[in-house]
Amino acid sequence: MKITRVILIVIGLAGLFLGALIMVQKERPDQILGVIVWIGAAIIVHDGILSPLLLLLDVWMRRAGRRIPFGVLAIVQGGVVVGAIMSMLVLPEIYKKSIGTKNPTILPLDYGLNLALFWAAVALLTAAACAIYLRRRRASSPASSASID
Amino acid sequence: MRRLLAYTQQALSAPPRNPRMAVVIGRLLAIAFLLCFGTGLYSHFLQEPEPWMRFSTVPAQLYQVTQGIHIAAGIACFPLILGKLYTIYPQLFQTPPVKSPLHLLERASIALFVGASLVQITIGLLNTYQWYPWKFGFREVHWALSFVVIGSLAIHIAVKLPMIARFWTRNSEGTRELRGETAGGETSGETAPDAAAPVAESAPVGGITGRIFRWIDGAPSAEPAVSRRGFVTAVGVSTATVVALTAGQSFAALSPFNIFAPRVKGTGPNALPVNRTAKAAQVLDTAVSPDWALTISNGPRTVSLTRAELLALPQTTVELPISCVEGWSQMATWKGVRLRELLNKVGADTAQGLKLTSLEKKGGYRVTQMGPEYAFDASTLVALEVNGDTLDIDHGYPARMIAPGRPGVLQTKWLSKLEVEA
Ligand code: HEM
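Chains A and B supply the protein sequences, listed in that same order.
Counting in our numbering, the final residue of the first sequence is number 149, and the numbers go up one at a time with none missing.
Counting in our numbering, the final residue of the second sequence is number 422, and the numbers go up one at a time with none missing.
Hints are computed from structural coordinates only; laboratory data are not their basis.
Be careful, since some hints might not be right.
Said to hold, decoys possible - Using 20 Å as the maximum straight-line C-alpha spacing, the simulated SDA-like pairs for lysine to any residue come out as follows: (1) B:160 - B:93; (2) B:335 - B:365; (3) B:160 - A:34; (4) A:96 - B:252; (5) A:26 - B:365; (6) B:345 - B:252; (7) A:96 - A:108; (8) A:102 - B:252; (9) A:102 - B:363; (10) B:355 - B:65; (11) B:160 - A:28; (12) A:2 - B:102; (13) B:160 - A:10; (14) A:96 - B:102; (15) B:362 - A:103; (16) B:265 - B:284; (17) B:265 - B:421; (18) B:160 - A:8; (19) B:135 - A:30; (20) A:26 - B:421; (21) B:355 - B:305; (22) A:102 - B:271; (23) B:135 - A:10.
To be verified - Label pairs and their computed distance ranges (CB to CB): (24) A:123 - B:341: 58 to 66 Å; (25) B:331 - A:1: 26 to 34 Å; (26) A:99 - B:362: 23 to 31 Å; (27) A:102 - B:309: 28 to 36 Å; (28) A:3 - B:49: 40 to 48 Å.
Glycine included, each C-beta is placed from N, C-alpha and C at the ideal position.
Here chain B stands alone, though its shape is the one from the complex (with noise of 0.2 Å):
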């Protein structure tokens, strides 16, 4: 047993699978993964925000920015992942398998993390065209995970840390031993097996792994300049292409690159694509009711308005974004009444915040809160138009909420009442 790991490792080895390149592609993945974390944060607490929690309204595109970073980031993680996972693969064979309690701690840290990387970034990327082919909650789980993958990232980073140093730099120690230039006779690398030395000339495995062994032996060697250069260069190379062909659906620029990603800018009805349906809310027959009317309420005054009396107030035109939590986002020209005009009519005062709530029958976004900071701010309207049409039923009719730096989710289409909070 001991034999065939170390006969596997060895027929693994090659010359990327290396410390030196475990650090570089490593330090690029541990950048990707602390974007996804931090934006995912913002994410979080704009849905989920602490009483005391107040937050942005400027740049209007701050959201449509962190967001599209978290999926940009989170896509590159893919080739950056896998890239990682192919200098340190020959560790997973190495021997002894167990040298000691804390080293199977180490070996089961690895297992986690790296499982846990993978479903993290998979689900994420399945959740951003709506598919869920599992049971559990996505946002619960992706929540969750990213602290375990954050949490095993710093123990990793712990454990590796003297290993790290050694590499850090091209002239490191370890990494000028590695090209040969030192003295140093043992060479510490991870992937420089102890063990694979001396096998190599024990007796040769029999059999079919003896045989597949040695049809590996049998190939030409790759050449190590040649083949670190071009290993580099693929990951490289790999992590530009999908972040360029599919962060158009978030970017403006990137946008005509846009041939993968699982959004496109101006496609569905007023020309914005659509997160949730009318259908799928069930507000096909709500919202179009002659009797719909918004109800606006701080205690116990409250203002109730049809669509003909919000289009008989003065109406405000801004250009928002709309920017979904799946990433994707698109500019828009949206007209409607300042929220601000309507809070004052029931005598609001600045310091205080809203409930939203919406025709839909069901769903996590039914009612949601507002801050202050969004519902006072200029250009958050309660909007009935959008791209000079009359908001699509798809995009809230008849009235629907934008305001500036928030998530999609939170733009509460087909309102139906807003109460000032106590």
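The shape of chain A in the complex, shown without the other chains (with noise of 0.2 Å):
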């Protein structure tokens, strides 16, 4: 095991130091404090955004379904970050295109509707997932109350 960790640390030592290397071969100071703002930009949108907005949306969606079977918040919950995280990667195509795009091959789609269209479905999914979710508790454990499982 020791050796491997050597290994690794001359490895990545030696890629930190070829990419900054490059950097400095390749760009001007301030382009290279343009990378190190975005770097810093990430983390902070990352950490100081992004993640206590999940906390408070996972507390508050606790809070909101006590009475609900903790399961069927789960499946809520996982359609919710299936539509977040595609939202993500196509949030920033619609505002391109609304911009302007290098050519009309760009961006040829109304990604507006596919990501209404995409909510929807997942929606209709989640709620069937749902579903099932209750059928099948219910066949398991027939005696059992709504607010354990």
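With the hints as a guide, bring both chains together as one complex.
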């Protein structure tokens, strides 16, 4: 294990060095500063905005869904996650298309419509998954009450 | 401050936030990163080969597949990295924040790793629809950051190796401990913070923060097994979904499901998408000029051929994909003159490469090199027609290069000069 770790560290340091070298050879100082700003901003957006929002959403759903079986809540949360991640990739496309692309074959689709349809499909599949889950649950333990599972 | 950190860390604890999950998602993410790195290196050296490098011309779809994988695996990185960061997020609030100089270094390297990875995948994605809302050069920075990302990945794995080993399989010691199967007293899980437990008993935080913590604590807790299974399923389904609904721009089998990719097969003039238009390349006049002729030279030997003269030569038809660096690709039927027959006219020998010059006024790909393995391949054409029609001006009229297994940016459009290199 020790040897492996040493090799990995050496590879890693070499990578960092090479990356820094390429950066200073190919980019101007103000451009390098731009990259550093982007890296800092990425950390802030993820750690300072997206993650806390996710926590609030999760707590809010658990509080609001007190009376709902936890399995159903988990399925709904899963649906929201899938929809949100797809939206993260598609919303910038919608915006870029609205400000114009370099030629008409870039972003040729109606991404807004497709995203709306996608959310509708996610909602439908989530509902179906919940229904299947509840039916199975009832079948396996007819006596259990809705609040335990 | 310390108490606040500990409270936050505790408030953030959730069943999927454990080292086993970090290892499970981390493995997948590492695979995706390495796929991107490998295919990215290939793409880089195709465009900027070292003099000794030779590439395979078979299969003709080689670059279509490698770059298609680059973008598909790259898109898969989004749900995977978000899932991975979810599992380790409480670590951000670990107490004490810094234990030793080495610990500081470790935390700094993680910050660089996370930040550089997020930037790498974001600029990569925006590049696929030619959007550059920054002032640095995309290709240069994406190239430099790929070493930063893979380098910090290696360091990260080295630092965490004992932990990774403890949670590698379902039956590893750490995983079993996590399930409560062994008596192992101390949970060495990263996300089972040593500081969190005692804090819960100490005096509560006051003010607004205190109220937020109480609100969080008041929520019914998640059921561990369901919550963990739900998490893995959500990451898995997200990954499959984002790939399935975009990879159709590169892989024909998935094109019926392509509702979100920036490119769609079959769109554009000659039923082919366009990377750079004739207008952008400033060739609207020169490309249709009656004086146009293709010049082929080998030292002092020079031949000049008009489009009519090229059309009068024996024509060959080939099926070759146009495969863009941005990941989309499209099969097409090309018709034109075999490049090697033109090279024979100036007495080139099969060890010699070429310099290609386009009519473009400017741009990084106005002048490019072509290795002999491509120049003398039987399917490399100076194409005059595509899909049964004259080349559209946006696809390189009057003549363009088409060779097997090369990125689209090297399939020079609006050809002007071919020079055999000594
Ligand atoms: C950890 C993840 C990634 C690594 C290590 C990586 C690495 C690379 C490398 C080494 C290159 C070659 C650069 C050159 O030619 O100099 C490249 C090119 C490229 N990458 Fe990535 N990449 C990653 C993620 C992504 C993602 C997520 C996307 C988009 C969704 C993407 C899109 C591209 C594009 C479009 C190119 C072609 C650039 C060009 O030649 O003009 N990459 N990548």
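What are the numbers of the hints that this structure violates, sorted from low to high? Of the numbered hints, 2, 3, 4, 6, 8, 10, 11, 14, 16, 17, 20, 23, 25 and 28 do not hold.
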